[in-house]
Each structure stands twice: as structure tokens, then as C-alpha cells.
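Each chain, letter by letter, is given below.
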Amino acid sequence: MNVSPIINFFINQGVPFTTVILILMLPIIATFIAFLRQVVGIKAFGIYAPLIVTFAFLATNGLKYGIAIFVTVIFTGMLMRFVLKPFRLLYLPRVAIMLTIVAFLILGILVIGGEFKRTGLAAVSIFPILIMITIVEKFIAVQIEKGDKAAIFLAIETLIISILGFFIASSKILIHFLALYPWVVILTIPINILLGKWTGLRVSEYFRFRKIMKHL
Amino acid sequence: MFEFLKLSRQILGMNSRNLEYIRPFNLARAKKIADNKLLSKKILKDNNLAVPQLLAKIRNYAELENFDWQTLPESFALKPNRGFGGEGILVVYGKKKNQTDVWIKADRSLVSIEDLKAHIRNILDGSFSLSGTPDIAFFEERLQLLKLFKPYCYKGIPDIRVIVFNKVPLMAMLRLPTKNSSGKANLQQGAIGVGIDMATGTTTTAVSGKNKFIEYAPDTRLLLSGIRIPYWNDILKLAVRAQELSGLGFLGADIAIDKIKGPTIIELNARPGLSIQIANLSGLKERLKKAAGIKIKTVEKGVRVGKDLFGGEIEEELEGISGRRVIGTVEKVKLIGKDGKEIEVEAKIDTGAGFSSIDTELAKQLGFENTVLEYENLNISYEQIKNLTPEQRKEIFKNIPDLADTAIIHSSHGTTYRPMVNINIIMDNIEFLAKVSIIDRSNLKMPIIIGKKNLGKFLIDVNK
Chain A
1 MNVSPIINFF INQGVPFTTV ILILMLPIIA TFIAFLRQVV GIKAFGIYAP LIVTFAFLAT
61 NGLKYGIAIF VTVIFTGMLM RFVLKPFRLL YLPRVAIMLT IVAFLILGIL VIGGEFKRTG
121 LAAVSIFPIL IMITIVEKFI AVQIEKGDKA AIFLAIETLI ISILGFFIAS SKILIHFLAL
181 YPWVVILTIP INILLGKWTG LRVSEYFRFR KIMKHL
Chain B
217 MFEFLKLSRQ ILGMNSRNLE YIRPFNLARA KKIADNKLLS KKILKDNNLA VPQLLAKIRN
277 YAELENFDWQ TLPESFALKP NRGFGGEGIL VVYGKKKNQT DVWIKADRSL VSIEDLKAHI
337 RNILDGSFSL SGTPDIAFFE ERLQLLKLFK PYCYKGIPDI RVIVFNKVPL MAMLRLPTKN
397 SSGKANLQQG AIGVGIDMAT GTTTTAVSGK NKFIEYAPDT RLLLSGIRIP YWNDILKLAV
457 RAQELSGLGF LGADIAIDKI KGPTIIELNA RPGLSIQIAN LSGLKERLKK AAGIKIKTVE
517 KGVRVGKDLF GGEIEEELEG ISGRRVIGTV EKVKLIGKDG KEIEVEAKID TGAGFSSIDT
577 ELAKQLGFEN TVLEYENLNI SYEQIKNLTP EQRKEIFKNI PDLADTAIIH SSHGTTYRPM
637 VNINIIMDNI EFLAKVSIID RSNLKMPIII GKKNLGKFLI DVNK
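Top to bottom, those sequences are chains A and B. Residue 1 is where the first sequence starts when you use this note's numbering, and the numbers rise one by one after that. Residue 217 is where the second sequence starts when you use this note's numbering, and the numbers rise one by one after that.
If you're looking for bench data, these hints aren't it; they were derived computationally from the structure. One or more hints might be untrue.
[Stated by the list, open to error] Pairs of lysine-lysine, DSBU-like flavour, derived with a Cα cap of 30 Å:
hint, chain 1, residue 1, chain 2, residue 2
1, B, Lys505, A, Lys211
2, B, Lys371, A, Lys146
3, A, Lys138, B, Lys333
4, A, Lys211, B, Lys548
5, A, Lys43, B, Lys395
6, B, Lys395, A, Lys149
7, B, Lys395, A, Lys138
8, A, Lys214, B, Lys548
9, B, Lys395, A, Lys146
10, B, Lys426, A, Lys211
11, B, Lys428, A, Lys149
12, B, Lys426, A, Lys197
13, B, Lys222, A, Lys214
14, B, Lys258, B, Lys273
15, B, Lys505, A, Lys43
16, B, Lys501, A, Lys197
17, B, Lys426, A, Lys149
18, B, Lys673, B, Lys661
19, B, Lys428, A, Lys211
20, A, Lys214, B, Lys501
21, B, Lys363, B, Lys313
22, B, Lys501, A, Lys211
23, A, Lys85, B, Lys426
24, B, Lys273, A, Lys85
25, B, Lys453, B, Lys371
26, B, Lys321, A, Lys85
27, A, Lys214, B, Lys506
28, A, Lys43, B, Lys501
29, A, Lys149, B, Lys371
30, A, Lys138, B, Lys248
31, B, Lys428, B, Lys366
32, A, Lys146, B, Lys426
33, B, Lys366, A, Lys146
34, A, Lys146, B, Lys247
35, B, Lys550, B, Lys363
36, B, Lys312, A, Lys85
37, B, Lys395, A, Lys85
38, A, Lys43, B, Lys222
39, B, Lys321, A, Lys149
40, A, Lys211, B, Lys222
Working from the sequences, and respecting the hints, build out all of it.
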């Protein structure tokens, strides 16, 4: 593969190629998420959650395991809210209990995966799993702030953005392109300045306010 | 397509709200006031603006343990100081009979001191505050619902959101708590938002939830449009004054009307939502631009400019010149019958009719049951009566109670002889006495028509 001299230099210094590419992908995915928020109007759980889930997907062996773990985490978070509601616990202990339950469930999934000879699941490294588990706190916070419906909606948005991000970051063409022209990444800064000054309606708002338009 | 883009520029979106209005006009210091309910309450109160009276506050666990619960009145509202979106508010309406430590909520469930303590601990731990940081809990007096709003609300109390910019009130919305919002006047939680005409304070279109337009209050036949909000001028003045005092350039003021105190500011909002545009079927951005360039010195001027620029203008002028009210062909009226019985219905305005007439059933509901029945018992047709003198006719009907008169009515269906009674009608806030004839209108759409005799004080706009 053709690589730019600077990347060559990194590799010679002992930084693995995949790591260099992943780090270069980070600003691109972040910009993509910012674009979706400001121009399209997809909210998700802020910028950090979809970004980190994207990278968790990249690090799990294949998308399906990543999605399976994500869905398990969100589903448990939802279920536990109803289970824990009558106990009227304070916030942090409540989250701690949820994390415990989620951890057990993930462990269970890994065991079941092993039973069915899905060794790919068990081979998933621990860090992406931990990342996904921490999403549960974000989920609960939104649940309290905006209600169950909104939380599930935002979780689905997060999942969709992360899947899109996964495809962008694992696109062969983009990887080759970045290897050749790593400086392109700097372009994300002016793009984000433009996004940060964007005052037009979001695509979702055209939909939200469509009835007003008919009346103006 | 270009037309579409041009129109969309009248609407305020999230990006524009944050970048062009909140950032430059709502400075950190002012936002701090809005996000701190106790502080904004104090500032407003010190300047003699009406706010719900503060009863007590609890700042930490020690204060909670030492709190004397007997100092609390029969009804109160318990709130988190930095709560948002109406979360964490607990309202009680009275104490349980013969018990000094149990209160009753709107849904009749009981609240003990233990329950209150648990709720306050949650508040102190920051479960309801914006960033989850520790918070203060406070008790304030419960505002009392105005009789006018009673039929439209499910528990809770409605409030009026007024957007103020550059001392000009731009747009307003009445927020009605519903079953879905569990008695909270918050659109995100399912309350109803009703747009308000800035000039007159009359409600226009109503939205339920995010984007569903509705005509009637849920589970009723009460029109949501055409409600005239009392103290309209005072409400706008209060909102503008609140903007001056808080320093929030772009403010959403929430004002409730208390039965005794009148308009009362319940909350200041530094980041008002955008749904108000849907309820008013109008764009905020256009109004913000219009209001931006004007120099406004006094509160009164600001209110006047807001009314003139953003209200339904022509109608008001016409009413001013002619001294008569402009009404449409269908109007909401309140009928006051015998013994003060009140019924609200929609009436057809019919300039082709001389007298007003109402449906037999409606007449019965208004307390004229005996009049109707005894008249029917006489069973007199037009043919029998047409050659009699008025005195002779009176003689026949003299024993019927509450009969005001009788009348020969020539209509497209032929000629009928009808009984008449006196009722009071309130239409567009004007009350008048009307002699109405009673006839079976059950197969017609409206149970009442208002005829020429009673339309002297009105002008009719067929497009309304």
C-alpha cells in the first residue's frame, strides 16, 4: 500500500498502522456527528457517546457482536428502571446497581456465545465491552431528564450514527486515502467552524415546522 | 422551492436560537438568575412583581431533620430550586381530615411526612437539577385555578408563556395541563399549547404534544380557540418588566393567573422552546427581526409595540371605530337560563332570521322544561290561532310559566307558532338579554341561531 512519508515515519517509530488510521479517523467521525446534529438534526447522546460506540464497534470483532452488546445494555437499562422504581434509590447507587446487572448479563452473553461455539463473541476485548456498559449511565441520565420515550429514541439514534460511523471508518477507500493524504484531516477544523456558525434550519426542523410553512 | 426557502427564514430554529439570540443576549449572569428559582423569585419580589409566596426552604440534610412540618399550610407546592421542565414538583391540595401529617395530592393519593422527606432527599441530591449537582428544596404557596380555565384543564394550573425580546412581547402561548402531562403545563410532557393573538389576548390554534392540531379540549366539546385571557395587558407588562429586571435579552416568561393575586410570574426561562411557533402557526425569527431595531424606553411602549406589530390588527381597529365587536358566522356563546343555569354552545349567526331561536332540548336544559311541556300540552297549531287578536292569544297562554311571549315565525319550512323565553347570552364578552323562540332544531348542526334583533352590537365578518 502507498503511504505518505509522515505515516511511514510513524510506523518506523513503532506505532502500528491500524492505530494511526484509527486516530486519524477520530476527527472525521466527530465532524460527521457534528454535521448530523447541526444540519440534519439527529441528536443522539451528545458527541462522545456515538463516537466511543463507533470505536467500540470497530474494536469488537464485527458489527453484529457490537450491536448485540449495545442493545443488551440499553434494554437492561430500560428494564431496570421499572424494577428499581419502587425502591426510590438515590442516583449513584441506582446506576451502580444497573451497572452490576448489565455486567452480569454481558458475562452471560459471552458464556452463551461460547456454548454455541461463537468464539468471536468471547474474543471481544474487554475495553469495548466496558465502553458500552458505561453508556448505561448516559441512558439513565437522559431517562430522568427527558423521559423513557426520548431516551429510547436517542439510543436508537446513537446506534444508527455509530453504525454509519463504523462503515465510514472501515471503508477501504477512505483508509487508503488517509494513508496517502493524512493532512486532509486538518480540513475538519474549517468545516467545523462553518458548522459552528450555521444558523439555518435543520432538516428535522423543516419537518417539525412544516405546518407553519403552509400558513405563512 | 425558492419560495419555500424564503418562508423557512421566518422560522426560528435551534441553531439560530442558540447562536444568534441566547449566546449574545442571555449573558451568563442573567442565565444564572433564570436557572435559580429562589434568586429570580427574590429579585422579582423586591421589585414588586407578583410571584408565588415562598413558605420555607430546605438547604441540606440537617435542615431537613430539624424542619417543623406543622408550619406547612393545607396546600403548597414543593419544588427543586434548579429543576427544569417541571420535573420534581410536588403539589398538595389539602390535609387529610383529622390528621395533621398527611396531605392529599390532586389524584387523591396521600402524602405522608416520610414521602415528603424522601422527595426532598432526592431534590437535595440533585436528581432533578440540570447537571445533577446538589440542590435546594423549597415550599411555596399553591396558586389557585381561575374559574374560567377550570373546564379546560386536567388538575394542575395552566400558564401563559410569553417570549420577550428587546422589551417587546413577541409571541405568547397558553399551556394547559392534561391527563397525558399528569397535570403539568409542559409541552414536552404532553400538555396542550394554544396560540394567542397578541393584540387581544384571544386564543387561536391549539397543538397537543409535538405536532397534532386539535380543536377541542380533550374529552369535551369545548372549543380551545376564542378563549379571552383575562388581564391580558397586565400579563404582557409583567413579562416585559421581568425581562428588564432579569437582564435576559431573550426571555420566556411563564405567568399563571391566580384567583386572588391575578397574574403571577412562576418561572423565567433563558432557553425558551420553539414549539410556541407551531401553536401560533407563525415564525419567531420574523418577529425577532422586526423587534430588533426599535428603541423602547418604557414598559407600556414595549407592550403597545408588541400588540401593534404582532396582533391581528384590522379587527381591533374596526372595533375601535365602530364601537362594535367583530364576530364570525359561528361564535361560541354562553347561555344563562333560569336560576343562573349556564351552558356553553356554538351559535350560528343568522342575519336572515329576525328573532334568535334555540333548540327545545337546550331550552329544557336551561330550566324551561315546564314551559316547553305545558306549551306542547296545549297543542295549538298556526291555523287555529291566526285569526285571533293578540289579547285572545295571551288569554290562551297565560298559565304557562316563564313564557315571555309567543311569535309567528315564517321560515323556509312554512309558518310556525312558537313559545318565547328570556335568557341572557354572552357572546364575545358582551352580555345581552334576548327573547328567544323555542323550536326543535335537533336535526340541525347548531342548537341556537342568533337573529337580527340581538346583533345590534356586532359586525359580522364572514371570513372569520
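(request) Verify the proposed pairing of Lys146 of chain A with Lys426 of chain B, using a straight-line Cα cut of 30 Å. (result) holds, 14 Å
(message) Hinted pair, alpha-carbon criterion (30 Å max): Lys214 of chain A, Lys501 of chain B. Please report holds or violated.
(response) This hinted pair holds, its Cα atoms lying about 16 Å apart.
(message) So if I understand the rule, the pair passes when the alpha-carbon distance is 30 Å or less; does Lys258 of chain B with Lys273 of chain B pass?
(response) Holds - the C-alpha atoms of Lys273 of chain B and Lys258 of chain B are around 13 Å apart, at most 30 Å.
(message) Hinted pair, alpha-carbon criterion (30 Å max): Lys428 of chain B, Lys211 of chain A. Please report holds or violated.
(response) Holds, at roughly 10 Å.
(message) Hinted pair, alpha-carbon criterion (30 Å max): Lys428 of chain B, Lys149 of chain A. Please report holds or violated.
(response) holds, 17 Å
(message) Between the alpha carbons of Lys426 of chain B and Lys197 of chain A, is the straight-line distance 30 Å or under?
(response) Distance ~27 Å between Lys426 of chain B and Lys197 of chain A Cα, so the pair holds.
(message) Hint check: Lys426 of chain B vs Lys211 of chain A, CA-CA at most 30 Å. Holds or violated?
(response) holds, 11 Å
(request) Would you check the hint for Lys395 of chain B and Lys138 of chain A, treating anything up to 30 Å between C-alpha atoms as holding? (result) With a Cα-Cα distance of about 29 Å, the restraint between Lys395 of chain B and Lys138 of chain A holds, given a limit of 30 Å.
(message) Lys505 of chain B and Lys43 of chain A were given as a pair; does the straight-line alpha-carbon distance stay at or below 30 Å?
(response) Roughly 28 Å between the alpha carbons, so the hint for Lys505 of chain B and Lys43 of chain A holds.
(message) Against the 30 Å threshold, does the CA-CA distance of Lys222 of chain B and Lys214 of chain A hold or violate the hint?
(response) The given pair, whose Cα atoms are some 13 Å apart, holds under the 30 Å limit.
(request) Measure nothing beyond the straight line between the CA atoms of Lys428 of chain B and Lys366 of chain B; if it is 30 Å or shorter, mark the hint as holding. (result) holds, 23 Å
(message) With the threshold set at 30 Å, check whether the alpha-carbon distance from Lys501 of chain B to Lys197 of chain A stays at or below it.
(response) Measuring from Cα to Cα gives roughly 17 Å; hence the hint holds.
The structure meets every hint from the earlier list without exception.
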